[in-house]
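Chains A and B, in that order, give the protein sequences.
Taking my numbering, the leading residue of the first sequence gets 7, the next gets one more, and so forth.
Taking my numbering, the leading residue of the second sequence gets 1169, the next gets one more, and so forth.
For the record, the hints were derived by calculation from the structure and aren't laboratory data.
Just to be clear, a hint being listed does not mean it is correct.
Claimed, not checked - Partial selection, computed: residues in chain A whose CB lies under 8 Å from chain B:
| hint | residue |
| --- | --- |
| 1 | G21 |
| 2 | L124 |
| 3 | L128 |
| 4 | A256 |
| 5 | G335 |
Quick reminder that beta carbons are idealized off the backbone N, C-alpha and C, glycines included.
Spelled out from the first residue to the last, the chains are:
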Amino acid sequence: MANKLTISLSPHVHGGDSVKKNMYGVCLALLPALLCSFYFFGLGAIAVTAVSVASCVFFEWVIGKYLLHLGRPTVTDGSAILTGLLLAFNLPANIPLWIVVIGALFAIGVVKMTFGGLGCNLFNPALAGRAFLLISFPVQMTTWPTPGLPFLTIADTAVDGQTGATPLAVMKLIAKGDATMNDLGDSITDMLLGNTGGCIGEVCALALIIGLIYMLAKRIITWHIPVSILLTVFVFAGLMHLANPSTYVAPQYHLLSGGLLLGAIFMATDYVTSPMTAKGQIIYGVAIGLLTVVIRTWGAYPEGMSFAILIMNAFTPLINNYCKPKRFGERPAVVKEGGKK
Amino acid sequence: MKTFKIGGVHPAENKLSAAEPIKVAELPKVAVFPVSQHIGAPAKPVVQKGDKVKVGQVIAEAGGFVSAPIHSSVSGTVLKVDTVIDASGYKKPAIYITVEGDEWEPTIDRSTDLVTLADRPELTPKDIINKVQVAGIVGMGGACFPCHVKLSPPPGSKPEWVIINAVECEPYLTADHRLMLEHADEILVGVTLLMKAVSVNKAFIGIENNKPDAISLMTEKAKAYPGIEVVPLKVKYPQGGEKQLIDAVVGRQVPAPPALPVSVGAILQNVGTAFAIYEAVMKNKPLFERVVTVTGKSLAHPTNFLARMGTPMSQLIDACGGLPADTGKIIGGGPMMGKALLNTEVPICKGSSGVLIMNDKESKRGEVENCIRCGKCVGACPMGLEPYLLSALSERHDWEACEKEDIPSCIECGSCRPLLDLIRMGKSTVMGIIRQRNAK
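Let's have the full structure, built from the sequences with the hints guiding it.
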């Protein structure tokens, strides 16, 4: 007996938290939105999601094994699956599948593995993949099928893809003076439920909020990033709306449209690329909120969420450096009397 | 409910033996006394092979001011002065005594009558501190700092409160809990002695609210002792850390090392130490026995023992139903800060609060995974440090950056779980560098 005792340093118990548990936890939180997208976009959404996940996992495995020569495979930790899901969520349901594969290669190969794999990347792989595709394939990336197609049909862009005008695009036209508030066809209810044009995972606000509640309850993420983003967008867009209601849409349209909820809940909260302390996370969230509204209102693209997050990803190391946690015992009140002269 | 303000975690409590009354352990056949059972200079043996000793007799005298004498816990003959592997895992000089009968020094009052400060009005602070020193009392929470040194704060410092650590925040351990339930009055008299020794008139006893029976009993009994207040605390690890406890109870934070708790006016003692002080001062009984929790999920009967020092742990484990077949690790102390033992022959010492048997499955460590910067370690660190950063800097041997990021403040509580390995290495290296620099 005595010769097989384990001798190791304290602590001898572990909370059971692990990379896997967190990654699959987020995947589970994405499930409601995934099911909604299948309902609204049919087989196209299923195909894009499957191809995206499969290619992300494949590239992670190939690069890890043959280029980085990692000792143990990292494909089972769930991070590549998560990147695949999030990338698919940011794509239209009718996008050609070969474009999805290119997006996955860029996300995993360039953005994640080049920096050393899990935990080392500077930018959110899925978002960087989306941005890469948006710049490379602007037409395919901004043609969305009408939701509510009969289940199990793949949308044909030529026939069904007439909904060029998502709520975001209309908002931009209104801001430019090329459209009026009456053109905002989609009601708030439609946007909450997902009955509107957009990428696979971003349309159903309710499903995303269920995911948020799940992740908060399971303590996978804290409230700081999502709440600070949503609150900033609401306040900033609300102030603009109050100042000029005919040019700037009401803040609830901002909150429920485009990738704002998806980004605030699932993208900006990515562990690797977001700040470590609560204070840093709030600064990060507020900045993302401001940048999003600025890009949406005055920028070239109708959607600003992904660029706002990527920009703030770049600031994360700086924020970490300046937003240190409060060290124990630094309160000036406890400095020994006579200690300082 | 009060608690400390920064960080903290909540490991599974697993207080398996909380309902088990303290059981007097059988005398060992041979008792082993390492001469270094405390922080500071080792004690010097004053007995030789063949000497006859009685229970309570000094067998090794203090090696300096920051040191403590060691008393025999048994009567019998000195077998040899040799070495033993103690809880630290190192071989230490030790005195072996063959047990013959149970003959106590006649000066020890073995009655169970309660003696209070009112019965002994002539006691001066100096008397109390002297008694504590000759009784060999050290901090019994596990740190084993000689008690009389703590009671002699450096000149210029002004103690305001005595704070009694009855938190027992380590999972599994129930020794302090049982001691409070069974010896509340003795502990409270011990606290009055501490208050008198450092001339303060206010004492707090911090107890986590997972021990409601101890809180209500101590609160009830404390009414008879003016100035003593029981403070129920929200369960959070590491509340038993002295800095965390001071913060939780009186809301003041001890500055960064090398500042002492007394710099914010607090004198801290463990509840077991308060009991030992009562016995030493009022009963003339040196520290030679203590309550030890022997526990573990696979153990047949987890038990709280009143064990004599020098009793090998194997004997206590046998009394709990024997070492389980699936034993994977034996820990001296609790699972968060305790040390894995090399074998079961390690003797019970002044700082042995518990023996924890972990089964094979529990004792396996998980594989090291890449840091995904989730930030949970930053939220958990009770010292407001950044464990992920300290761990990475230590791995890179960047000692300068480690020092800049306050690695000496780490209390090694283990709230950051797997990160502590590297941080501990970084901390000890940086402390060495600081010592060298100060020596110049």
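Hint by hint, here is what the structure shows:
no.: 1; hint: G21; in the structure: 6 Å, holds
no.: 2; hint: L124; in the structure: 5 Å, holds
no.: 3; hint: L128; in the structure: 11 Å, violated
no.: 4; hint: A256; in the structure: 34 Å, violated
no.: 5; hint: G335; in the structure: 4 Å, holds
Going down the numbered hints, you'll see the structure goes against 3, 4, while the others check out.
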